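Model the placement of chain B on the given structure of chain A, informed by the hints.
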Amino acid sequence: MLVFVIRRVLISIPVLIASTMLTFVIVKLSGDPLTYLKTRQSTVSKAEKQAFINQEAHRLWLDRSWPTQYWHWISNILLHWNWGPPVTGHDNVASDVFTAFGITARLVLVSIAIALILAVITGVISAVKQYSLTDYTTTLLGFIFLSMPTFWFAILLKEFGLKINQWTGSHFFGTIGDRSIPITDHSFGGSLKDIIGHMILPTIVLGLVGYAAWSRFTRASMLEVLNSDYVRLARSKGLSPRTVMIRHALRTALIPLTTVTALDVAALLGGAIVTENVFQWRGMGTLFLTALRAVDFNVMLGWLLVTATIVIAFNLIADILYGVLDPRIRHA
Amino acid sequence: MLETHETLKEGTQPGGPGVDKPTLTEREFTVKERKQWQMALRRFLRHRAAVVSLVVFVLLVLFAFVLPYFWHYKYTEFVSLCTQSNGLAGPCSPSLKHPFGTDSTHDMLAVTMRGTGQSLKVAFLIAAVGTGAGALWGVVSGFFGGFVDSTLMRLADLVLTIPSLALAAALAHKGGGSLVLIGLILAGVAAPYVARVVRGVVLSLREREFIEAARALGASNTRIMFRHLLPNTIPVLLVNATLLIAQGILAETALSYVGFGIQSPDTSLGVLISTNQGAVENQPWLFYFPGVFIILIALSVNFIGDGLRDALDPRQTRERK
Chain A
1 MLVFVIRRVL
11 ISIPVLIAST
21 MLTFVIVKLS
31 GDPLTYLKTR
41 QSTVSKAEKQ
51 AFINQEAHRL
61 WLDRSWPTQY
71 WHWISNILLH
81 WNWGPPVTGH
91 DNVASDVFTA
101 FGITARLVLV
111 SIAIALILAV
121 ITGVISAVKQ
131 YSLTDYTTTL
141 LGFIFLSMPT
151 FWFAILLKEF
161 GLKINQWTGS
171 HFFGTIGDRS
181 IPITDHSFGG
191 SLKDIIGHMI
201 LPTIVLGLVG
211 YAAWSRFTRA
221 SMLEVLNSDY
231 VRLARSKGLS
241 PRTVMIRHAL
251 RTALIPLTTV
261 TALDVAALLG
271 GAIVTENVFQ
281 WRGMGTLFLT
291 ALRAVDFNVM
301 LGWLLVTATI
311 VIAFNLIADI
321 LYGVLDPRIR
331 HA
Chain B
1 MLETHETLKE
11 GTQPGGPGVD
21 KPTLTEREFT
31 VKERKQWQMA
41 LRRFLRHRAA
51 VVSLVVFVLL
61 VLFAFVLPYF
71 WHYKYTEFVS
81 LCTQSNGLAG
91 PCSPSLKHPF
101 GTDSTHDMLA
111 VTMRGTGQSL
121 KVAFLIAAVG
131 TGAGALWGVV
141 SGFFGGFVDS
151 TLMRLADLVL
161 TIPSLALAAA
171 LAHKGGGSLV
181 LIGLILAGVA
191 APYVARVVRG
201 VVLSLREREF
211 IEAARALGAS
221 NTRIMFRHLL
231 PNTIPVLLVN
241 ATLLIAQGIL
251 AETALSYVGF
261 GIQSPDTSLG
271 VLISTNQGAV
281 ENQPWLFYFP
291 GVFIILIALS
301 VNFIGDGLRD
311 ALDPRQTRER
321 K
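In order, the protein sequences belong to chains A and B. Per the working numbering, residue 1 is the first one in the first sequence, and the count goes up by one each step. Per the working numbering, residue 1 is the first one in the second sequence, and the count goes up by one each step.
Just chain A, same shape as in the assembly:
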């Protein structure tokens, strides 16, 4: 088992390195970071302006070759934990990226957890009661969620939250930001209520992105297992339907779901960009969009590095879990 884990971890490292190279190229292709200087109207002479642009380019290492720039960026992170300066400024973008990451991680993790639980429950029910009214309803709902633009639903839900606030005369559903500004109630209970109130709507939006796909997947995978020979055997030797369902069928059916969930983490992080934008959270999504508009390349590089690491880490965890759950993989 240990050998299996170590091998998997070692495979991930070159993937991560290659991923940093790819993200570097993408960021380089996304635009010229000094456009804001080049297009700015200024009173100084052309030569002075050009001199300033050159100076800025030199400071940001933009006048070097791509491999040199890449090496400068990655070695600074690895050796000095310096993620590079923003385009206008001298400090380290690491703190920006990690603050935003904390906010988004909370949103994404809670969404994944809720979506997974709901998906497994409804997926199993509609597989067990195949072609029942419940099955048709959940299938139709799943299809509708799959076909709805995330942000359209988000705006709709935001409007709905505001209406409820109006009717009940409360401010329970927060629709702007991840906390109230200013924070009025500093007690533990008050903070919790504030955080939850702000989290509910975005979590529903993001959760549905995962839920729609995962419940369909659970249903399909459960149906396949329920029609397999070994489940028939388990039934025929007289085990109770409950034992067959939970100990024999469900365990096997859920194994592939780990991989699917891990693969969808990237999609959820993408969904978070849109969701945060609607609810004005200052998380990873907002950070990325602002950075992209200004071609703030160090922020984008940091963002993509963190995201790629998360996605690769989730794939790694799924691989290892798969090994734990399914001995055939581990010993292959």
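It cannot be assumed that every hint is accurate.
Simulated restraints on C-beta separations [what the hints assert, rightly or not]:
hint : chain 1 : residue 1 : chain 2 : residue 2 : range
1    : B       : Thr151    : A       : Lys193    : 51 to 57 Å
2    : A       : Val5      : B       : Thr151    : 23 to 29 Å
3    : A       : Ser95     : B       : Ser220    : 55 to 61 Å
4    : B       : Gly145    : A       : Leu29     : 28 to 34 Å
Restricting the straight-line Cα-Cα distance to at most 25 Å, the calculated cross-link-like pairs of lysine-lysine (BS3-like) are [unchecked claim]:
hint : chain 1 : residue 1 : chain 2 : residue 2
5    : A       : Lys163    : A       : Lys193
6    : A       : Lys38     : A       : Lys49
7    : B       : Lys74     : B       : Lys121
8    : B       : Lys174    : A       : Lys49
9    : A       : Lys28     : A       : Lys38
10   : A       : Lys28     : B       : Lys174
11   : A       : Lys237    : A       : Lys129
12   : B       : Lys97     : B       : Lys74
13   : B       : Lys174    : A       : Lys38
Honestly, the hints are just simulated from the structure, not real lab data. The structure presented is a predicted model; accordingly, all values stated were derived computationally and were not measured. Just so it is clear, CB atoms sit at the ideal spot from N, CA and C, and this is done for glycine as well.
What follows is chain B alone, placed relative to chain A:
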């Protein structure tokens, strides 16, 4: 078809004078032979939601590309405004004259038709190019195996480590947001998914006897890939292309919403919703109609894809996102 043809030749002049239909009575069973596509069609027609969706989808295409010729407002045409309850001139709410209402300058029905058309164009482009590129990628990877395969598949894995929305936004940023460019970028982002699926199919196909036979006859690698492997992946490709239309519409919408998609004056359903999101409370029709059309397109296409999968690929139960 071939079989019936031969029996006809063997039998003496069917339908000729004095000979009463020898071909059918010679056989033990007189079951009508069905071709593969006829069986697929029957299976598809049995999927009721898919058939209804196909009708809806055809209507949507007509709505986008034909109806504009008959509607008396053009999407470029300025319309007169209505008097609001506060006495000021503003957008009209839905009425007989403007079934979808108006925004502050145009008839919303005309604009929605235009937006639906542009969105469909992008989606078709994504489906065609994404499936084509993915098929090529997957066939080459699966056929050659070894080093080529691992390089190409690691490349696909790499692309998948980046959220596709972020990837597409970054690539589209410099481009200026033309319809074709956005379509090509989103197709490129979708291709690795298709490549993975196609490679899986090719890996199992290439061990089959007919490939061995082709090789024994001296067929070149290119010929085997394009004449023998690729045609056999068509059922999978067709299902994937359909689902890509739905995903493409949604991806284009999201990209437009975050501001890196199609840019005005050109429009799409995504652009329409994002420009009108502030109107959800006061002029809700501006926000709801384009949204409903996106859902209708994506929903009908998803159901068609589901029906096609049942019809063409009965063994594949695994769900794709």
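Open item on the list: Would the hint linking B/Lys174 and A/Lys38 be met if the CA-CA limit is 25 Å?
Closed with: holds (15 Å)
Open item on the list: Please verify whether B/Lys97 and B/Lys74 have alpha carbons no more than 25 Å apart.
Closed with: holds (13 Å)
Task: C-beta pair A/Val5, B/Thr151: status relative to the range 23 to 29 Å that was hinted - done: holds (26 Å)
Open item on the list: If I claimed the Cβ atoms of B/Thr151 and A/Lys193 lie 51 to 57 Å apart, would that claim hold in this structure?
Closed with: Check passed, 53 Å falls within 51 to 57 Å.
- [ ] Below or equal to 25 Å on CA atoms is what counts here, so check A/Lys163 against A/Lys193.
- [x] holds (19 Å)
- [ ] Assess, step by step, whether the Cα of B/Lys74 is no farther than 25 Å from the Cα of B/Lys121, and give holds or violated.
- [x] Roughly 19 Å between the alpha carbons, so the hint for B/Lys74 and B/Lys121 holds.
Task: Holds or violated: A/Lys28 to A/Lys38, with C-alpha atoms at most 25 Å apart - done: Distance ~17 Å between A/Lys28 and A/Lys38 Cα, so the pair holds.
- [ ] Mind checking the hinted window 28 to 34 Å against the Cβ distance between B/Gly145 and A/Leu29?
- [x] holds (31 Å)
Open item on the list: Holds or violated: A/Lys38 and A/Lys49, Cα atoms, limit 25 Å.
Closed with: At roughly 8 Å apart (the allowed maximum being 25 Å), A/Lys49 and A/Lys38 satisfy the hint.
Task: 25 Å Cα cutoff - pair B/Lys174, A/Lys49 - done: holds (23 Å)
- [ ] For A/Ser95 and B/Ser220, compare the CB-CB distance with the range 55 to 61 Å and indicate the outcome.
- [x] holds (58 Å)
TODO: Mind checking the alpha carbons of A/Lys237 and A/Lys129 for me, to see if they're no more than 25 Å apart?
DONE: holds (22 Å)
Of the hints listed earlier, there is not a single one the structure fails to meet.
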